[in-house]
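*Asks:* Read off the chains here:
There are 2 protein chains.
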Amino acid sequence: MKITKLTTALASAALAVSAPVAAELTTDQRAAVERVLESYETALNAQDTESILGLYTKDGVFMPQHSLPQEGIDAIRAAYTGVFQAITLDIDFIVDEIEPLSNDWAYARTRSEGSVTINATGDVASEANQELFLLNRQEDGSWKIARYIFSTTNPPRN
Amino acid sequence: MKITKLTTALASAALAVSAPVAAELTTDQRAAVERVLESYETALNAQDTESILGLYTKDGVFMPQHSLPQEGIDAIRAAYTGVFQAITLDIDFIVDEIEPLSNDWAYARTRSEGSVTINATGDVASEANQELFLLNRQEDGSWKIARYIFSTTNPPRN
Chain A
391 MKITKLTTAL ASAALAVSAP VAAELTTDQR AAVERVLESY ETALNAQDTE SILGLYTKDG
451 VFMPQHSLPQ EGIDAIRAAY TGVFQAITLD IDFIVDEIEP LSNDWAYART RSEGSVTINA
511 TGDVASEANQ ELFLLNRQED GSWKIARYIF STTNPPRN
Chain B
391 MKITKLTTAL ASAALAVSAP VAAELTTDQR AAVERVLESY ETALNAQDTE SILGLYTKDG
451 VFMPQHSLPQ EGIDAIRAAY TGVFQAITLD IDFIVDEIEP LSNDWAYART RSEGSVTINA
511 TGDVASEANQ ELFLLNRQED GSWKIARYIF STTNPPRN
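Those sequence lines, one after another, are chains A and B.
The numbers in the working numbering rise by one with no breaks, and the one at position 36 of the first sequence is 426.
The numbers in the working numbering rise by one with no breaks, and the one at position 101 of the second sequence is 491.
Pulled out of the complex, with its shape left as it was, chain A reads as follows (with noise of 0.2 Å):
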């Protein structure tokens, strides 16, 4: 196993956990989360990557299959260019859990299922997928997706 980068953020995010918040708090919480899940369905539906790059923090990784991870705003944009030049998309998100990992971050499972569109020829698929998003909060109150890594939850093509 090698490590070819280890954070220095240790101490100081331990650090940074602060009080317990109250439940009405984290209800907001999760309700906040659900809406950058449903922000990141629509606009991956109408290819929009403005507005999904709205949705990710500025050091975000954006893991796609088929890909290296993408490391940062520019890379995860031009990742999400890259995808819809390619594909057009229609899901739905399915969310299986929304779950809180500090007052800071927290985590979403869910699944998508729909169709795919490959742009140069027309022919339509049917796409199904699984994610794991880590969210993290801002200091502005708002949460952005920090990491997302998905996969085909379809059967091999060969």
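Read the hints as simulated data drawn from the structure, not as lab findings.
Among the hints, erroneous ones may be present.
Claimed, not checked - Simulated crosslink set (DSS-like; lysine-lysine; CA at most 25 Å straight-line):
id, chain 1, residue 1, chain 2, residue 2
1, B, 448, B, 534
2, A, 534, B, 392
3, A, 392, B, 534
4, A, 448, A, 534
Stated by the list, open to error - Label pairs and their in silico Cβ distance ranges:
id, chain 1, residue 1, chain 2, residue 2, range
5, B, 475, A, 448, 21 to 27 Å
6, B, 504, A, 475, 27 to 33 Å
7, B, 503, A, 464, 21 to 27 Å
8, B, 508, A, 422, 27 to 33 Å
9, B, 441, A, 436, 42 to 48 Å
Since this is a predicted model, take the numbers as computed values, not measurements.
Heads up, the beta-carbon is just placed ideally off N, CA and C, and yes, glycines get one too.
On the provided structure of chain A, position chain B as indicated by the hints.
*Replies:* Okay, now just chain B, sitting in the frame of chain A:
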């Protein structure tokens, strides 16, 4: 967007957020997470399902590509048993990030590279994946895999 299951654990999880720990504890925390990843790599290459199961929480979720999410230790056992009947892996993990999310949660972002042997035919192919692990500290202080998803970083086969 459909929401199939929403945890009611939000309030209790928020209340369970504990006090900041000393910096030297977070160094231990990182080392402990590294050991989990090393143990996973070793067990994966050894086809050792029982050792892998010992690295997961009882309610863990394994999200293998080409499969729906496998929820809970029994489903996880069946999934790895199936994987090891089909293929033999010889891969190395590369750790890109290990980051704390709270005193009891951390994530690891990794890649893995090596070869996969199709047991039925003996055919060997190159294997390259990216992974996101969510790890949860247990009451005994050990860290376990709570959520784990990977996807290939190789180009599509067709």
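*Asks:* If a hint holds in the structure, say so; if it doesn't, say that too.
*Replies:* Verification of the hints:
1. B:448 / B:534: Within the cut-off at roughly 9 Å; holds.
2. A:534 / B:392: holds (20 Å)
3. A:392 / B:534: holds (20 Å)
4. A:448 / A:534: holds (9 Å)
5. B:475 / A:448: 21 to 27 Å: violated (44 Å)
6. B:504 / A:475: 27 to 33 Å: holds (32 Å)
7. B:503 / A:464: 21 to 27 Å: holds (25 Å)
8. B:508 / A:422: 27 to 33 Å: Hint violated: Cβ distance 45 Å, outside 27 to 33 Å.
9. B:441 / A:436: 42 to 48 Å: holds (46 Å)
Taken one by one, the earlier hints fail for this structure at numbers 5 and 8, listed in ascending order.
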